[in-house]
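S.K.: From first to last, the protein sequence lines are chains A and B. So the first sequence is residues 1 to 111, counted in our numbering. So the second sequence is residues 112 to 488, counted in our numbering.
FYI, nobody ran anything at the bench for these hints, they're computed from the structure. Backbone N, C-alpha and C fix where the C-beta goes; we use that ideal spot for every residue, glycine too. Just to be clear, a hint being listed does not mean it is correct.
[Claimed, not checked] Label pairs and their calculated CB-CB ranges:
#  : chain 1 : residue 1 : chain 2 : residue 2 : range
1  : B       : Glu384    : A       : Ser36     : 37 to 47 Å
2  : A       : Gln19     : B       : Leu322    : 30 to 40 Å
3  : B       : Trp143    : A       : Lys57     : 48 to 58 Å
4  : B       : Val148    : A       : Glu25     : 49 to 59 Å
5  : B       : Lys268    : A       : Gln33     : 17 to 27 Å
6  : B       : Ile192    : A       : Arg59     : 29 to 39 Å
7  : B       : Leu165    : A       : Lys22     : 43 to 53 Å
8  : B       : Leu140    : A       : Pro15     : 28 to 38 Å
9  : B       : Thr265    : A       : Glu104    : 24 to 34 Å
10 : A       : His45     : B       : Thr265    : 26 to 36 Å
11 : A       : Met1      : B       : Val148    : 24 to 34 Å
12 : A       : His45     : B       : Leu140    : 28 to 38 Å
13 : A       : Thr50     : B       : Pro218    : 27 to 37 Å
[To be verified] No farther apart than 20 Å at their CA atoms in a straight line, the calculated lysine to aspartate or glutamate pairs in the EDC-like style are these:
#  : chain 1 : residue 1 : chain 2 : residue 2
14 : A       : Lys26     : B       : Glu180
15 : A       : Lys32     : B       : Glu196
16 : A       : Lys26     : B       : Glu197
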Amino acid sequence: MSEFTFLFRGRETSPSAEQMQKTMEKWVVWFKQLDSAGCLKEPGHPLEHTGKVVKGKERVVVDGPYAEAKDVVGGYILVEASDLNHATELAKGCPIFEVGGSVEVRPVHRV
Amino acid sequence: MVSVLTRIFGVHNLALAEDVVQDAFCRALETWSFRGVPENPAAWLMATAKNRALDVLRRQRTAMTFAPEFGRLLDSEWTIIPTVEEVFEPKAIKDDQLRMMFSCCHPRLKEEAQVALILHILCGFSVSEIAEAFVSPHSTIEKRITRSKQVLATSKKLIDVASAVETSQRLPAVHRALYLLFNEGYHGSSPTATIREELCREAMRLTSILLTHPQGTVPATYALAALMSLDAARMPGRVDASGQLQTLFEQDRSKWDQQLVREGMSLLELSAEGSTLSEYHIEAAIASMHIRADRAEETDWKTIVSLYDKLLVIRRSPIVALNRAIAVAQHEGPERGLEEMANIGNKDRLIAYPFYFAALGEFELRVGRQAVARDPR
């Protein structure tokens, strides 16, 4: 078994309360599936969409990230899967695609 | 509220659940005294408890383990809110109360401890209120509840009410506890009428919750509910204007609650399904015999005596035997009643039961032995 990080990008920009609730329920269902399959290594957290970015040797601090809404990382989890293909299959169940988002599947690099 | 929170925190964290509820009440007092009581205080309290629960879960999730049933859904911000929201749904709350009801009837707890625990956790009675209801010293009840909670906390999880095996095993104990709870209110020793009425109401409320559950919807539960309704229907007639207890013969039967009578009768019909005849069936049938008589003189004592005969087979208790003797006296005269009373086994257990001497005195009086009636000892 190997570890993978799922980075979630993109979100619904102005969801109604009802949409929010539906989305959250879908996430719960997906998490339960991952967990009961023994694939949820760390349930991670969603991230707020604003923050600060610290850059360069000068450690310049800017507000950010100012990427397009669809490119901002909105959260992460750690998944355990047999290989990259398996992990990619798992990612396909994520409800984020319904709101036009994407999942980046990245094997954890063991140094 | 404690039942709901215990479901989230896990039964081993019962104390934490109680703290959170306590905290919600304290906040309510603070806020309400400044801003006035909100329109829906119950909902306000629930919302406050929910937010406090979220705080606790977030702060303690690394240090503590909560209910295993949720796996790691409580560990992550992805899932914590919808999971907690779901537990606080009205339908889920009802299930939580069922779960807690079954969990309180732990086989390692004595019946009186189960009843005290149900009153404390499910009905929100304080230790002093329970002490008042049972006319027991505060310290006795406190010890009883503390010990019971420890037993409860050692059980790994709450009873799964979806599991037919677990629930059906404990169902008789739950019936019994609800029956005792009701009886404590109906015949209870507490001098405070309001507390006794509340005990009856709570017993009826919990029984009706039990009737919403597929495993709880059995003839015995219907019979228990019927018995409670039919007895409760007669409550308004039991005391006269000055608050004195009235015997069945003196009661103003027009004061009986017809709504409850109707409910009780239809519950009794529902209980008639299947082949099981529980003690609750018989007691409900006896209660219905009294209800059916428009006047005390029209009571069908013959049937009542035969019902008591059946009840004695299931539950051999001197109190049942005493009630039977009283029915015999009505049917065949006071001499026969006295005979039956003399034959009661384990009579010494009735010494502390005030109705024993009341009945004895009454029959002696009716056969004309005033002197004996005055001091039947």
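S.K.: With reference to the structure, classify each hint as holding or not holding.
M.R.: Hints, one by one, checked against the model:
no. : hint                            : result
1   : B:Glu384 / A:Ser36: 37 to 47 Å  : 39 Å, holds
2   : A:Gln19 / B:Leu322: 30 to 40 Å  : 37 Å, holds
3   : B:Trp143 / A:Lys57: 48 to 58 Å  : 57 Å, holds
4   : B:Val148 / A:Glu25: 49 to 59 Å  : 33 Å, violated
5   : B:Lys268 / A:Gln33: 17 to 27 Å  : 22 Å, holds
6   : B:Ile192 / A:Arg59: 29 to 39 Å  : 35 Å, holds
7   : B:Leu165 / A:Lys22: 43 to 53 Å  : 20 Å, violated
8   : B:Leu140 / A:Pro15: 28 to 38 Å  : 37 Å, holds
9   : B:Thr265 / A:Glu104: 24 to 34 Å : 46 Å, violated
10  : A:His45 / B:Thr265: 26 to 36 Å  : 33 Å, holds
11  : A:Met1 / B:Val148: 24 to 34 Å   : 56 Å, violated
12  : A:His45 / B:Leu140: 28 to 38 Å  : 35 Å, holds
13  : A:Thr50 / B:Pro218: 27 to 37 Å  : 56 Å, violated
14  : A:Lys26 / B:Glu180              : 19 Å, holds
15  : A:Lys32 / B:Glu196              : 16 Å, holds
16  : A:Lys26 / B:Glu197              : 13 Å, holds
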